[in-house]
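Chemist: Add chain S to chain H, keeping to what the hints say.
Line by line, the protein sequences give chains H and S.
First residue of the first sequence: 1, per the working numbering; consecutive thereafter.
First residue of the second sequence: 1001, per the working numbering; consecutive thereafter.
Check each hint, because a few of them may be wrong.
[As the list claims (entries may be wrong)] Derived CB-CB ranges, DEER-like: (1) S/M1211 to H/L171: 32 to 38 Å; (2) S/M1211 to H/A89: 23 to 29 Å; (3) S/W1014 to H/R84: 46 to 52 Å.
[What the hints assert, rightly or not] As a list, the in silico DSS-like pairs of lysine-lysine whose alpha-carbon atoms are at most 25 Å apart: (4) H/K262 to S/K1133; (5) S/K1151 to S/K1133; (6) H/K262 to H/K118; (7) S/K1151 to H/K88; (8) S/K1135 to H/K262; (9) S/K1151 to S/K1031.
None of these hints come from the bench; they were simulated from the model.
Note that the structure is predicted; figures quoted are calculated from it, not measured.
Positions of the beta carbon are idealized from the N, C-alpha and C atoms, including for glycine.
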Amino acid sequence: MEALLHQIFSGLANGCIYGSVALALVMIYQSTHHINFAQGEMATFSTFIAWALIQSGWPYWGAFAATVAISFAAGVAIQRIILRPVEKAPVLTNVIVFIGLLVIFNSLAGWIFEHTIKSFPSPFPQDSALASVYFSAHDLGSAAVMLCVLGTLYAFFRFTKIGLGMRAAALNPESARLVGIRVSWMLALGWGLAAAIGAVAGMMVAPVVYLDPNMMSGILLYGFAAALLGGIDNPWGAVLGGFIVGVLENLLGAYVIGTELKLTVALVLIVGTLTLRPNGLFGKAVVARV
Amino acid sequence: MNADAERIDRRWLWAGALLLVALLVLPFLVKNYRVFQLNLVIIYAIAVLGLNILTGYNGQISLGHGAFYALGAYAAAILMDQAGWPYWATLPAAALACFGLGFLMGFPALRLGGHYLALATFAFALAIPQLLKYKHIEAWTGGVQGIVLSKPEPPISFRFLGQPFSADRWLYVFSLAVAVVMFVLAWNLIRGRVGRALVAIRDHPIAATAMGINLPMFKSLAFGVSAAFTGVAGALGGIVVAFVAPDSFTVFLSITFLVGVVVGGLASIWGALFGAVFIQFVPNLADEISKSAPWAIYGAFLIAFMYLLPTGVVGGLRKLAARHRSRADTVADAAPHVDTSPTNRRRS
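Pulled out of the complex, with its shape left as it was, chain H reads as follows (with noise of 0.2 Å):
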């Protein structure tokens, strides 16, 4: 029992993460309907500057801080730059950018920082009252952090004046350009604010994988996984498919399959989703107009 729990515990600490990449994804294809296929690899570079920045002397959060900023800034113009002049093009040329996209960061990582596997401190303490058995200081602070996250995402979007016109820009790009949105600008700020989630979400998770470049490729694909279970237009549904991926990982891994097929499970559920209820747990039924 307390070995279930255990698992359990942990993989609703992974789901945190599993979930923030899969927000970050929801929100670019909720703005332009593209995935973003170098998600992961953004966030492993992010991860990496936040690690050059703490080798060279910054505090952990000062250093947080910087890399959140330095993430937005990166995706606002990489969509400014990049991926604008082919927004209205075929899908094929856009997946063949992401790829591209994918290839870049992942080499530059390689390159900059070499391919040797580095460890990354966690902010939370080794040993703290609140850590228990069930799961470690780390499981719990991660969790907090993403919460928080979440939680000022919800506020942005549901309070402020610009969250709510990235909203409208993503319902209906027509009329929010006709009352004055700039709706450009604001897929620019989606992309700004997906980069900086999966620097969070990398920056969580680095301590538990470690760093190196293809740290985050099998979360991505957790990430993927839990965007479509949950409805890879409904936020909230990608969050809880974060969830649900996470701790079917760890108990599927820990009692059906073991550790060494955990990859071909996020695939079994992401083939599976997408033939069997492709608009996902949560997600609306998409009527198409020919």
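Modeler: For chain S alone, coordinates are given in the frame of chain H:
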């Protein structure tokens, strides 16, 4: 008019024959290691051609063709290692296995358009090394260590231009023959009824259905055929490298094929050759800068091609040729040419 077309046909035939002779002499002019590299170019060309049938002509995006390459390589390796099959007999088996798997993959792909298909195949490519390492099939696959094969001996031995007919040179001739067969097959497939159906499905699925094209059948078929091409390339790759291991078939292999397709030219058969030369030799050049440089350059090329030359090298060449031809037409100002020039112009 007819005689003119025939003359052009014969000219192409001569050019093709000349090229073939040049390609057959080429391995005797270079060192053994270069022969091995040329061999890989041929193999990549087949794999890129396979991906192009699916992505270029049928418009289904696959980021997971490395998985079919891996399956082909493993099929060949296991059949040679465990069942003692001769190397040449493994190619049809690999093609069949990959056709089956590809056809099955085609069914979920029917429900997934664009991004989703890219996503599902991407997940497939990410998961494949793990699947190959799975411990319950270790008896066949050799687990993490993979399978070591021995290169087949050439059936005859002779010397030409002072170079022996080594195992690599024999395999070069063998893969060249396979490649010629595959390219002719692809060419016939694409310019025939099936090819037109594939292109129609890519350009306007609803109109294609209205014209009586069985959409699910053709799309699955395209997936199967494309997988079979890549599987044959994989089997050849396994034989030529004489070693298969899970970690040589990562998601980056799939991306490499995509780079090949984009550089060579989407929806172009000969583009596969340019793409293959690119993915074999550009990393070698870039390697001298840094270990990570090849991939940074790949990425930059992918994005740059999408902006500047979305139809790839072949598309660029075609455009140049069309411009040249239309200029020649205006200079000549001859009546018989007039009825052909508008089609040329439209094509550009």
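Chemist: Tell me, in ascending order, the numbers of any earlier hints that this structure violates.
Modeler: Hint check: 7 fails alone, others pass.
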